[in-house]
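2 protein chains.
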Amino acid sequence: MNFKLEQEKRVSEIEEILRRYMPKEEGYYKTVTEAMNYSMMAGGKRIRPMLMLETFRLFGGRDNDILHPFMAAIEMIHTYSLVHDDLPAMDNDEFRRGRKTTHIAFGEAMAILAGDGLLTLAFETVARAYEHVNKSLDDSLTVYERIMKSYKILAMKAGINGMIGGQVIDIESEGKSINKDMLDTMYKLKTGGLIEASMMIGAILAGATAKEVDAIENIAGDIGLAFQIRDDILDVISSDKILGKPIHSDEKNFKSTYVTIMDIEQAKYEVEKVTDRARKAYESLPYENEYLEALIIELINRKK
Amino acid sequence: MNFKLEQEKRVSEIEEILRRYMPKEEGYYKTVTEAMNYSMMAGGKRIRPMLMLETFRLFGGRDNDILHPFMAAIEMIHTYSLVHDDLPAMDNDEFRRGRKTTHIAFGEAMAILAGDGLLTLAFETVARAYEHVNKSLDDSLTVYERIMKSYKILAMKAGINGMIGGQVIDIESEGKSINKDMLDTMYKLKTGGLIEASMMIGAILAGATAKEVDAIENIAGDIGLAFQIRDDILDVISSDKILGKPIHSDEKNFKSTYVTIMDIEQAKYEVEKVTDRARKAYESLPYENEYLEALIIELINRKK
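Chains as they are written, first to last, in our numbering: chain X, 50 to 353; chain P, 50 to 353.
Hints should not be assumed to be uniformly reliable.
Copies of the same chain look alike in the list, so a pair counts if it works inside one copy or between any two.
[As the list claims (entries may be wrong)] Mimicking DSS-like on lysine-lysine, the simulated pairs with C-alpha atoms at most 30 Å apart in a straight line are: (1) Lys201 to Lys184; (2) Lys317 to Lys304; (3) Lys73 to Lys229; (4) Lys73 to Lys201; (5) Lys73 to Lys260; (6) Lys198 to Lys184; (7) Lys260 to Lys53; (8) Lys304 to Lys79; (9) Lys73 to Lys322; (10) Lys229 to Lys79; (11) Lys201 to Lys149; (12) Lys229 to Lys322; (13) Lys79 to Lys198; (14) Lys322 to Lys184; (15) Lys225 to Lys73; (16) Lys149 to Lys184.
Because the hints were derived from the structure by calculation, they are not lab data.
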C-alpha cells in the first residue's frame, strides 16, 4: 500500500462529500455562508471524517448514505471549534494553515455566527440521515437506533463533557502551571472528544457491538492524547513554515504542555507509551484495516 | 381563566423542567456550567417552551417524556443566541433582564464557550429523547420518526436558514437603511425561526398531520413577526425600567426597524394586520386551547 497515495485519494473523496453538505453562497445572508465555506474548505487533513470512514470499514459497514452526513458533521464541528478558538477573546490567532483566520477575513461578528452556523448545520445534516432509511426493511428500527445513538455521541463528545470542557480547562489554565493529570484530562476532552466521536460513530453505524464500541472509545481517546502530545512536541521542534502556523505559540500564550511539565525525550516516551496501549487494544479486535493502522501511526509520528 | 395565574403556574413548571436538563456545577470545567446556568436561569418569559407545550396540548399530545427534552432544548438555543448576541463584537450589551450579561459576569471567552455549550447541550438533550420510546409498542417507528423530524426542524430553524440567517441580516444592515421586505425576512428568521420550531415541534410530537404542521408554521411565523414589530414599538415608547434593558437601543445602534421605516401608528397597524392573519389561520384549525390563544394575544400586545 502506498500510504500517501491512498491518503490523497481519501482526502479528495471526503472533500467531495463535504462540498455536498455545505451551503450555497446566495441570498440575504450570503456572507455567513461564505465565511462557513472559507473555514471548511481551508484544507486540512480531514482526520476525523477519515477515521470515521475507516472505522466504519473496519467493522464491515456498507450504507454510505447514512455515514456521509455524519462524516460531514464531524468536520463541521471541528471547523467551528477552530473558528471560535481563533477569536481575539480566545487564542487570538491571525493565521491558520497559512491563511487568514475567519475573523480576520470576515470580521469578528461574522466569525462568531459562522461558527454557530457550522455547529448547527452539523446537527441539521445528521438529522437528515434518517431520510435515507429504507422503511420497508425489517431492520429499520435498528438503523434508526444506530442513528440516534450516533447523534447522541456526536453532541456529548462535542459538548461540555467533551471538546468544550477541554477548551474551558485550556482557557482557565492559561498562565498557570497545571499537573499531568489535568493536562491529560484536557487533551482527552479537547482533542480526544471528537476523535472518540468519529471512531465510535463509524463503529456504531457499521453495527459494532456495545463492547466493541467501548474498545474503540478507549483506542480513540489514546490516539487523541498521543496526537496532542505530539502537537506539543512539534510546537517546539518544528518551524512556522512546515507547521503552517506560528511555532512556540504555547510559550507565547503561557500554556502548560507536555514539554513544559517534562523534557522532550520524556514527552516522546509518553507518546510511545500511549500508542502502545492503543495498539494492543486495537490488535485484540478480530478485524483488520491496513489503511486505518497506517493512518493512526502517521498521526502519532507526524512532522506537521 | 385567570391568565396571569395560569402563566405563572406554567413558568414555574417549565423552570422545573429546565433545571432537570441543566448541567451540575462541578469538576474541572465548573466555570462554563456556572455561566450556562447563569444565563439560562436569568428569568425570562419562557415563551418558546410554553408555546411548544401549549401547541402540543392543542393537538392532544400526551407523552411528556419526549416533549420535555425538546422544551429544554428550545430554551437552551434561545439562551445561547442571547449570550452570543450580547458579545462586544455583536450588540455589545452589558445588561439583560436587569442583570449583567454573561460576558460581563464571566468574561468574553467563557461567554463564547457557554453559548457553544448551550447550543450543543440542546442537541444532546433531544438526542436522549429516543431513550424514552417504548420499543414494545407497535407505533415505536412512528414515534422515532416524529423525534427525528422534530430534531431536523430544531436544527433548521436555529441555523442559517432560520435564526442565524436573521442575525446575519441584522449585523450586516447596521447603519444602513433597509426596506420592509428585508426587515420582514430578518424578523421572520431571527425571531420567527425559534417560534416556528417551538410550535411545529409541539404539533409534530402530538401527532399532527403534515398539513396541520404547515398551518402552524405560518401562524408561528406571523406571531414572531408581530412580536418583533411590537419590540420595535416598545423600544421607542417604553422606559428602561419597565423593559429591563436600555430603550432607544435600536437608535443607538443605527438599526432599521418598523418605527424607522414608518411611523408608530402605521407600525401598530402592521401588528394588527399580521395578528389578524394569524388569528384566522388559527381559527380554521378544528382544535381549541384557551390558554394558548390568550398567550398569543398577550405576546402581541405586551407592555414589556
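Inset, instruction - Check each numbered hint against the structure and report the violated ones by number, ascending. - result: Those not satisfied are hints 7, 9, 11, 14 and 16.
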